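Chains as they are written, first to last, in this note's numbering: chain Y, 338 to 617; chain W, 338 to 617.
By construction, these hints were calculated from the structure, which means they are not laboratory data. Fair warning: there could be bad hints in the mix.
What the hints assert, rightly or not - Taking lysine-lysine pairs in the DSS-like style, the calculated list, with each CA pair at most 30 Å apart, reads: (1) Y:K454 - W:K416; (2) Y:K602 - W:K454; (3) Y:K339 - Y:K416; (4) Y:K602 - Y:K454; (5) W:K454 - W:K339; (6) Y:K531 - W:K602; (7) W:K416 - W:K339; (8) W:K531 - Y:K602; (9) Y:K454 - W:K454.
As the list claims (entries may be wrong) - Output of the computed footprint for chain W on chain Y, the stretches with three or more beta carbons under 8 Å from beta carbons of chain W: (10) 518 to 529; (11) 564 to 577.
As the structure is a computational prediction, the values presented were derived from the model and not from experiment. Even for Gly, the Cβ is constructed at its ideal location relative to N, Cα and C.
Number of protein chains: 2
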Amino acid sequence: MKIGIVGLGLIGGCLGLDLRQLGYQVYGVARRSHTCQAALAAGAVDQASSDLGLLQATDVVFVCTPMAAILPTIEQLAKHLAAETVITDVGSVKGAIVHEATQLWPRFVGAHPMSGKAEAGFQAAQRDLFVGNPYVITPVATSDAQAVALVDELARSVRSQLFYCSPEDHDRAVAWISHLPVMVSASLIQACLKEPDAAVAQLAQNLASSGFRDTSRVGGGNPELGVMMAQFNRQALLQTLEHYRHQIEHLTHLIEAQDWANLEKVLLENQTHRPDFLVE
Amino acid sequence: MKIGIVGLGLIGGCLGLDLRQLGYQVYGVARRSHTCQAALAAGAVDQASSDLGLLQATDVVFVCTPMAAILPTIEQLAKHLAAETVITDVGSVKGAIVHEATQLWPRFVGAHPMSGKAEAGFQAAQRDLFVGNPYVITPVATSDAQAVALVDELARSVRSQLFYCSPEDHDRAVAWISHLPVMVSASLIQACLKEPDAAVAQLAQNLASSGFRDTSRVGGGNPELGVMMAQFNRQALLQTLEHYRHQIEHLTHLIEAQDWANLEKVLLENQTHRPDFLVE
Chain Y
338 MKIGIVGLGL
348 IGGCLGLDLR
358 QLGYQVYGVA
368 RRSHTCQAAL
378 AAGAVDQASS
388 DLGLLQATDV
398 VFVCTPMAAI
408 LPTIEQLAKH
418 LAAETVITDV
428 GSVKGAIVHE
438 ATQLWPRFVG
448 AHPMSGKAEA
458 GFQAAQRDLF
468 VGNPYVITPV
478 ATSDAQAVAL
488 VDELARSVRS
498 QLFYCSPEDH
508 DRAVAWISHL
518 PVMVSASLIQ
528 ACLKEPDAAV
538 AQLAQNLASS
548 GFRDTSRVGG
558 GNPELGVMMA
568 QFNRQALLQT
578 LEHYRHQIEH
588 LTHLIEAQDW
598 ANLEKVLLEN
608 QTHRPDFLVE
Chain W
338 MKIGIVGLGL
348 IGGCLGLDLR
358 QLGYQVYGVA
368 RRSHTCQAAL
378 AAGAVDQASS
388 DLGLLQATDV
398 VFVCTPMAAI
408 LPTIEQLAKH
418 LAAETVITDV
428 GSVKGAIVHE
438 ATQLWPRFVG
448 AHPMSGKAEA
458 GFQAAQRDLF
468 VGNPYVITPV
478 ATSDAQAVAL
488 VDELARSVRS
498 QLFYCSPEDH
508 DRAVAWISHL
518 PVMVSASLIQ
528 ACLKEPDAAV
538 AQLAQNLASS
548 GFRDTSRVGG
558 GNPELGVMMA
568 QFNRQALLQT
578 LEHYRHQIEH
588 LTHLIEAQDW
598 ANLEKVLLEN
608 QTHRPDFLVE
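Okay, chain Y solo, but in the shape it has when bound (with noise of 0.2 Å):
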């Protein structure tokens, strides 16, 4: 089987790196040539080209590109690849992509491959990044079975964990669990941020341990990557913004009403349900 990959960032290498191992021929493509070179000196491609033209005889396509550029790919790929072959994606919300996607290629597939590291581009690449990790796959009433089978078996042979969602119901997942927390932590940083006396910002920043870094990870990483979860994914992220906030709502009306025993059980919840969120 001839494998494409167009965008060699951290996904896109990982997936080259862990395929071609795997035997497959791996044909990338990528916008930059150092970065082509970077991907045949580490043996993740067979061949990488900038010109899409290199992928027109391969069985499938893993778009691997930023949000933005995935529908904008799939159109110009249309042009360069056999009816047949199979076109799939790696974009971490669903929704905005996969109606559209299935109207330009019908042998689409979307998925999501729920790997990362902190750490971007190609030089973050490595094998084995994807196992034990989830791989999403989210076909929908018209998407071609035997192309979902077709990602089925290979996101299992880079020894994901599959699940299978409509795009609708991953996008209100990763909301919940990706989205809505970078949204929480950075809003953490920017309330800390706004103290007026200095002396007061000054000791706190000097206080701060593991509890604060913990907590305001996320929400102090990726600018972009934050705007593009907020703009791909505005409808179900807005949803988790309101439940959130009668939540802080909720809290902050139990502490001023010093009632201490709801809070206590509201706590207790916490304790007794994250681990649940947390099973590997």
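We have chain Y already, so just place chain W on it with the hints.
Positioned in the frame of chain Y, the structure of chain W alone reads:
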């Protein structure tokens, strides 16, 4: 110098281990006799008892009980100690303690060693817990200068990093970086638990990874500790919650208005300034 410690939990136990190692004579008081025996066996104390009378000949006493027991313990200690004995505490909120404690005992010095670990109790005690971590001393106008100097000397001897501020500034600073993060993080877990669609709720649990894990950590911790923070630092915590709610509303507004330029500005400011809180 003879040192007393009331409460042989994590902090009291660690103080005993370090101070005894430095050559001081350490007398420990714990409610339970098996804690006394454990402290003796571990070499954290020279003598141990459940009777405060053990401390009558000490030069300084560290009150290392839970917050709610600090003032009652000082009242009890006052019946046993010589007037020149210094009393200090390790409570994580200072306004609710320092003024009243100084009235009960003129040679009282409020302080807060900001060291900890996930486990609690004497069994988690270890040497060198305080090394490099903040030890905040919060004198008031009437504090005895010699008493403050003695606490300073002992805090330095366990190789803490010393900070001085008023009890009120301490409480506002820890509200920002310790108590507010607990409520922010607790509200995130609560909100996620409120998703009405069972399939989406299950998917969110399956897909949660490091972003959710870190942002939810302190909100899923010890409920008693969370209630204690809110109870004893209520006013300062409510002020930070008010600021925080405004930030959540501001980010929500930017997303509603699709104002991506200003959302990126906020996230960029966070990325730039978060490291100010993480200087070792």
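How the hints compare with the structure:
1. Y:K454 - W:K416: violated, 59 Å
2. Y:K602 - W:K454: With Cα atoms ~23 Å apart, Y:K602 and W:K454 stay inside 30 Å; holds.
3. Y:K339 - Y:K416: Holds, at about 18 Å.
4. Y:K602 - Y:K454: The hint is violated at about 35 Å.
5. W:K454 - W:K339: Between W:K454 and W:K339 the Cα gap is close to 27 Å, so the pair holds against 30 Å.
6. Y:K531 - W:K602: With Cα atoms ~15 Å apart, Y:K531 and W:K602 stay inside 30 Å; holds.
7. W:K416 - W:K339: holds, 18 Å
8. W:K531 - Y:K602: It holds: about 15 Å lies between the C-alpha atoms, which stays within 30 Å.
9. Y:K454 - W:K454: holds, 26 Å
10. 518 to 529: Check passed, 12 qualifying residues.
11. 564 to 577: Since three or more residues must qualify, the claim that chain W covers the segment 564 to 577 of chain Y holds, with 7 doing so at under 8 Å.
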